[in-house]
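Residue numbers (UniProt numbering): 1 to 81.
In case anyone wonders, no lab produced these hints; they're calculated from the structure.
No false leads were mixed into what you were given.
Below, computed lysine-lysine pairings styled on DSSO-like, alpha-carbon distance capped at 27 Å:
1. K55 - K18
2. K18 - K33
3. K21 - K50
4. K21 - K9
5. K57 - K35
6. K33 - K9
7. K6 - K35
8. K21 - K35
9. K6 - K18
10. K14 - K35
11. K35 - K18
12. K55 - K21
13. K14 - K33
14. K50 - K27
Cβ-Cβ distance ranges computed for the label pairs, FRET-style:
15. D7 - Q58: 16 to 26 Å
16. K55 - N28: 10 to 20 Å
17. K50 - K6: 17 to 27 Å
18. H71 - K18: 25 to 35 Å
19. N31 - S59: 12 to 22 Å
20. E51 - K6: 11 to 21 Å
21. K6 - K57: 15 to 25 Å
The beta carbon of each residue, even a glycine, is placed where N, CA and C say it ideally should be.
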Amino acid sequence: MPREIKDIKDFLLKARRKDAKSVKIKKNPENVKFKVRCSRFLYTLVITDKEKAEKLKQSLPPGTTSHTHTHSNRSYDEKKT
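Work out the full structure: start from the sequences and follow the hints.
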């Protein structure tokens, strides 16, 4: 079940829990999405500021595995027009 989190501190608490298995980072042209998989929920935090996203990426706990997905600009531009 997905849940959206608005607060960065709340997201970091969820990412540090014992049942947090992995963190996925999806970079889009407008925003960066951080997704942490816990046992019951998939928590998502959307950040529009690139500098805040980079700081958050560095402050993630090292025990969780992190996967980064970047968005292809070509397919995004084709969908826009």
